[in-house]
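Chain by chain, the residues:
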Amino acid sequence: MSTWRRVFGLAALVALVAVAPPAMAGPPGVLVTGDNLPANVDPHQIFDVPMQFYSLNTYDNLYRYQGNPPKLEPWLAQSHTVSADGLTWEFKLRTDAKFHDGSAVAADDVVYSFKRVLAIGKGPSGAFKPVLKPDNITATDKETVRFKLETPYAPFLSAIPIVMIVNPRVVQAHESNGDWGAAWLASNAAGSGAYQFDASTYRPLERTDLKRNEAHFKGWQDNPKAPKEIQILPTRETSTRVLALLQGSVDMTDSYLPTDQVERIQKSKGVHIEKNTSMRVFTLRMNNKKPPFDNINARKCFAHAFNYDGFIKEILKGYAERNPAPMPNNLWGYPQDVKGYDYDLKKAKAFCDQAKAEGAPINRAISIHIQSQLEQTNQAAQLFQSDLAQIGINLKIISDTWANITSNTGKAESTPDLWIHWVSTYFVDPENWIGQMYDSQFHGTWKASAWYQNARVDELLRKARGLTAQAERQPLYEEATRLIVADSPDIWVYNTVEIRGLTDRVKGFRFSPVGSGGEMRWVQLE
Amino acid sequence: MLAFIVRRLLLVIPSLAGLLVLTFFLIRVVPADPAAALAGENATPAQIAEIRRQYGLDQPLYKQFGVYLTQVARLDFGESAYSRRPVAVDIKQRLPATLELTIAALVFATLAGIPLGTLAAIYHNRWPDTLLRILSVGGVAIAAFWFAIELQLLFAMDLGWLPLRGRLSPGLTAPPVLTGFFLIDSLLAGRLDVFTDALRHLILPAFTLSLGGLATITRFTRAGVLETLQKDFVTYERAQGFPPRALIWKFVLRNSVVAAVTQIGLLFGSLIAGAVVVETIFDWPGIGFYTVQAILTADTKVMLAVTLLIGVIYAIVNILVDVVHGLIDPRLRDDG
Amino acid sequence: MLVLAKFAKDKPAVLGGLIVLMVVGIAILAPLLAPYPGDVSASHLLMRLKPPSWEHPFGTDNLGRDILSRVILGARGALMIALMVVGISMAIGVPLGLVAGYTHGWVSEAIMRVTDVFLAVPQLILALALAQLMGPSLQSAMLALTLTYWPFFTRIVYAETRRLSASLFIDALQCIGAGTLRILFGHILPNAISPIIVRATIGMGFTILVAAVLGFLGMGATPPDPDWGLAIAESRQYLPEAWWFSTFPGLAIFLTVLGFNLLGDGLRDIVDPRLRRSR
Chain B
1 MSTWRRVFGL
11 AALVALVAVA
21 PPAMAGPPGV
31 LVTGDNLPAN
41 VDPHQIFDVP
51 MQFYSLNTYD
61 NLYRYQGNPP
71 KLEPWLAQSH
81 TVSADGLTWE
91 FKLRTDAKFH
101 DGSAVAADDV
111 VYSFKRVLAI
121 GKGPSGAFKP
131 VLKPDNITAT
141 DKETVRFKLE
151 TPYAPFLSAI
161 PIVMIVNPRV
171 VQAHESNGDW
181 GAAWLASNAA
191 GSGAYQFDAS
201 TYRPLERTDL
211 KRNEAHFKGW
221 QDNPKAPKEI
231 QILPTRETST
241 RVLALLQGSV
251 DMTDSYLPTD
261 QVERIQKSKG
271 VHIEKNTSMR
281 VFTLRMNNKK
291 PPFDNINARK
301 CFAHAFNYDG
311 FIKEILKGYA
321 ERNPAPMPNN
331 LWGYPQDVKG
341 YDYDLKKAKA
351 FCDQAKAEGA
361 PINRAISIHI
371 QSQLEQTNQA
381 AQLFQSDLAQ
391 IGINLKIISD
401 TWANITSNTG
411 KAESTPDLWI
421 HWVSTYFVDP
431 ENWIGQMYDS
441 QFHGTWKASA
451 WYQNARVDEL
461 LRKARGLTAQ
471 AERQPLYEEA
481 TRLIVADSPD
491 IWVYNTVEIR
501 GLTDRVKGFR
511 FSPVGSGGEM
521 RWVQLE
Chain X
1 MLAFIVRRLL
11 LVIPSLAGLL
21 VLTFFLIRVV
31 PADPAAALAG
41 ENATPAQIAE
51 IRRQYGLDQP
61 LYKQFGVYLT
71 QVARLDFGES
81 AYSRRPVAVD
91 IKQRLPATLE
101 LTIAALVFAT
111 LAGIPLGTLA
121 AIYHNRWPDT
131 LLRILSVGGV
141 AIAAFWFAIE
151 LQLLFAMDLG
161 WLPLRGRLSP
171 GLTAPPVLTG
181 FFLIDSLLAG
191 RLDVFTDALR
201 HLILPAFTLS
211 LGGLATITRF
221 TRAGVLETLQ
231 KDFVTYERAQ
241 GFPPRALIWK
251 FVLRNSVVAA
261 VTQIGLLFGS
271 LIAGAVVVET
281 IFDWPGIGFY
291 TVQAILTADT
301 KVMLAVTLLI
311 GVIYAIVNIL
321 VDVVHGLIDP
331 RLRDDG
Chain V
1 MLVLAKFAKD
11 KPAVLGGLIV
21 LMVVGIAILA
31 PLLAPYPGDV
41 SASHLLMRLK
51 PPSWEHPFGT
61 DNLGRDILSR
71 VILGARGALM
81 IALMVVGISM
91 AIGVPLGLVA
101 GYTHGWVSEA
111 IMRVTDVFLA
121 VPQLILALAL
131 AQLMGPSLQS
141 AMLALTLTYW
151 PFFTRIVYAE
161 TRRLSASLFI
171 DALQCIGAGT
181 LRILFGHILP
191 NAISPIIVRA
201 TIGMGFTILV
211 AAVLGFLGMG
221 ATPPDPDWGL
231 AIAESRQYLP
241 EAWWFSTFPG
251 LAIFLTVLGF
261 NLLGDGLRDI
271 VDPRLRRSR
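In order, the protein sequence lines correspond to chains B, X and V. Okay, so the first sequence: first residue is 1 according to this note's numbering, each after it adds one. Okay, so the second sequence: first residue is 1 according to this note's numbering, each after it adds one. Okay, so the third sequence: first residue is 1 according to this note's numbering, each after it adds one.
Any given hint could be a false lead.
Here are the simulated distance ranges between beta carbons [what the hints assert, rightly or not]: (1) X/V107 x B/N188: 54 to 64 Å; (2) B/S268 x X/N125: 46 to 56 Å; (3) V/L29 x B/D337: 21 to 31 Å; (4) V/S53 x X/T130: 33 to 43 Å; (5) X/Y62 x B/A455: 27 to 37 Å; (6) B/T201 x X/V107: 46 to 56 Å; (7) B/K346 x X/R53: 49 to 59 Å; (8) B/E175 x X/R53: 49 to 59 Å.
Note that these hints are calculated values from the structure, not bench results. In this text, all values refer to a predicted model and were calculated from it rather than measured experimentally. Virtual Cβ for every residue (Gly too), placed ideally from N, Cα, C.
Okay, chain B solo, but in the shape it has when bound (with noise of 0.2 Å):
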């Protein structure tokens, strides 16, 4: 009798469990991402294409970059002026804007803002350290900020997004041993942005929940459908990710979909594929402080033994243009008749045959340092790998991180020969790309890890960077682009197409290279 009590109740739970409609996407409102989210949540203190997702969401800064191409557009400032010499900037506040907590965004919010980047110093501070100190950044008023700036730096207006204005009232009431809230911050929100963390669903790279702003400066006239909730739910594994999305559990993936899964995805119902061209390319750097590559010639070799078309075609399937030099093909300052090296492994043996004649050390094993978790990075110097070996050349790969990669290439002696990344778009300006690749003074950062080294270049940079007019800078920029890839620093592949799937109940989708279309005010949910 007992037996079959017990039967009975199993076959009931499993009839349960079996049952149970499996879920689908989120209810209604609500929107459910598979992006990446960064580190911790702290704006100021990382820096980075997860953190743009969400630092877009949740915070807002003084200009921001709509569109793509991406334009600068008013935010939280409604205008600015520059003085004649370039040195002093004001910018003037709109007076609606409000944080989460209720407190109006005044100027002196943004002058803590700043200070605070500078004073955390990570990061972000990065564009701002050589040029502005804490004590210039002053409040003129309620509703103007004034930067006095140490030297003339063009970049300046290109790079004022990347601060994000922060609540000083929250954050100073969280500060413990004068860390400007720098612990409290990194798992909480002080925000006035469009979205609002929910600091009680917050795991650290797991998930986050943002509830929808209703009295966002911008108000919601204009996207009435916007989700009322977005949950970021992060998804290691490639594979996961897009099953999550054909299966529906997930309404996004990130922007870093592989193009394999692109067919499928546009072979099944209910999902589509948002593909953009970026402004993020995709570079093989080669040391030039370590023999050969400091012989022109044995550069040249492997710039000539990178089968592009190959790569491009095949493995990404067409979705990427070609970018043969470090700046991206559709920003001001690239020399649009600038050739760069094409496919040819005959040119290649040439060079490597005089490099080596003229002493270069071609037949040491080279190595070649990946990133474990980008895939591309691992199928490019595979590809690379069979190439270079038909002419000789022994091409190591090594599997890496990209903690570790950065942490040594603030040395020439521990720089890998040669690695790969992206160089993402983290300011629209062409100092986001040749100034902080190729001018020597940025040595030791992972942007300037190929170690080029060229007067003429240092020059042409350091006086675009003095320039305050587009005209005036972007023949010097295109002098130096030339420059560069006659010298064949790195290798530069192309320039991505950004790839994205989404279910069809999300509409609107808009796309910027600055924050890889991660900006979800404009999307409507279905």
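Chain B is already provided as a structure; the job is to place chains X and V on it using the hints.
Here is chains X and V on its own, set in the frame of chain B:
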């Protein structure tokens, strides 16, 4: 008995001290400089140096170790270099998820393994025994990371019976935390829907994780039952005309399950380690997932704390098993 | 011969032995057996991700390489890792176990406590941490596996030595003045060899499995090594379309480990029908 327990506990101390030294020195040789990673992209060497100083990464090793010891004594594992959160808080949040998964796997392995092992023993050396033996050895031989993906494809994608990832569907909110076990908390909160959803999410990862344990428990039950069946008192009962089925139930199982249960202590450690892979594939928000993240970002404090935690859990479970064993079988007490 | 006859009756063990022989044969003859031995490093972009066919019975991978060839070539690496790890673990663990088991006092205590420490370190996590700090490579994976595997041999040998050194014949040897080394290596070790062999056989399978996990997590073998775990890791992006990409390396791991485990299991039944604790 008390003396036995105390002695067993004392034996653990040198092991744990050794564990502490070993893990600390291993991880302090990390070439990846967390200061550089902490400073983030675009950081200057001066910024990196500042951070190194701020986090005490520039101190001599023995000083860093001294600081570490006092912190561990206070159960203060410091702050994760990345999330800036106290490691102890993060671990407290995640440990229940891993325990729920591990215990579910263990329960499943036990509930399925004991009957299967008994079955194999009853059909000793006939085809069900051979088949079960190949299956149970296969359970140990299968690569969990591969099998998990195949399970996801079959049950989540093709059949659509079970969820793919995570601990709960996106639409549901977790029950108020009492035990941290969703299955228990949801029932206490009277949320049958959350309970069902959590159970559905638990099935695939727990099943994947249980395979190794299932095989081991099956094998040990089989051995235990075979051994008991040859004992005199069973032969006697059988001669008395006791029905074989009832005999198995009444005498044999009780005597032989003990052997299998002691395996649990050993299994528990390997299950927690196995959780690293299973949690990664199923996005299970537990300690294993946390560990992989920490390793990828060279987050040393988290790595130290997790290794220590798992070492301690392993030690505690083994003590418990020893003590239980001692209670059941007093002869073992003298042996330590 | 009694042992062989007993072994032959044990069908699963015979099956395991055959599998092991097959894998070893494949590993030795790999360059001859693989239809495209050059596919270790070559790439053929136009042949990417082709399903199984006559030319490529297991299909091709993401760089157009023949998966059958790579599975065959991968056998060698898998066995090499396992042999190295188990061999070095034995070389460390067995002498320590002999010494700890035979002597009494602080040396013995110290050895066993250190053994306990290493046993308490979660194996996979130590392996991952080591792979991370030494840079992911086969060497660091092997070092990590060895560091965590030798204590098992120490434990077994310790127990056997304790049991044997209490037995009469050792007493007798001591009485006639035999040297300690001679007693340990000439008399105790040969008598303790069976459980060591069993543990080693199972250790082979176990090591192959953990090495594959490390490869899968990107902490073991590096490209273009035809490592099975690495292949499965790379295949994840192409699922479920390119099912062959993960399936065949997965089956290779499964069969090899199954072979070693069945064999080890069978050997154990012969050596010690009462079953020892296993892992």
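Consistency of the hints with the structure:
| no. | hint | verdict |
| --- | --- | --- |
| 1 | X/V107 x B/N188: 54 to 64 Å | violated, 38 Å |
| 2 | B/S268 x X/N125: 46 to 56 Å | holds, 51 Å |
| 3 | V/L29 x B/D337: 21 to 31 Å | violated, 57 Å |
| 4 | V/S53 x X/T130: 33 to 43 Å | holds, 36 Å |
| 5 | X/Y62 x B/A455: 27 to 37 Å | violated, 47 Å |
| 6 | B/T201 x X/V107: 46 to 56 Å | violated, 29 Å |
| 7 | B/K346 x X/R53: 49 to 59 Å | holds, 54 Å |
| 8 | B/E175 x X/R53: 49 to 59 Å | violated, 20 Å |
The structure fails hints 1, 3, 5, 6 and 8 (numbered hints given earlier, in ascending order).
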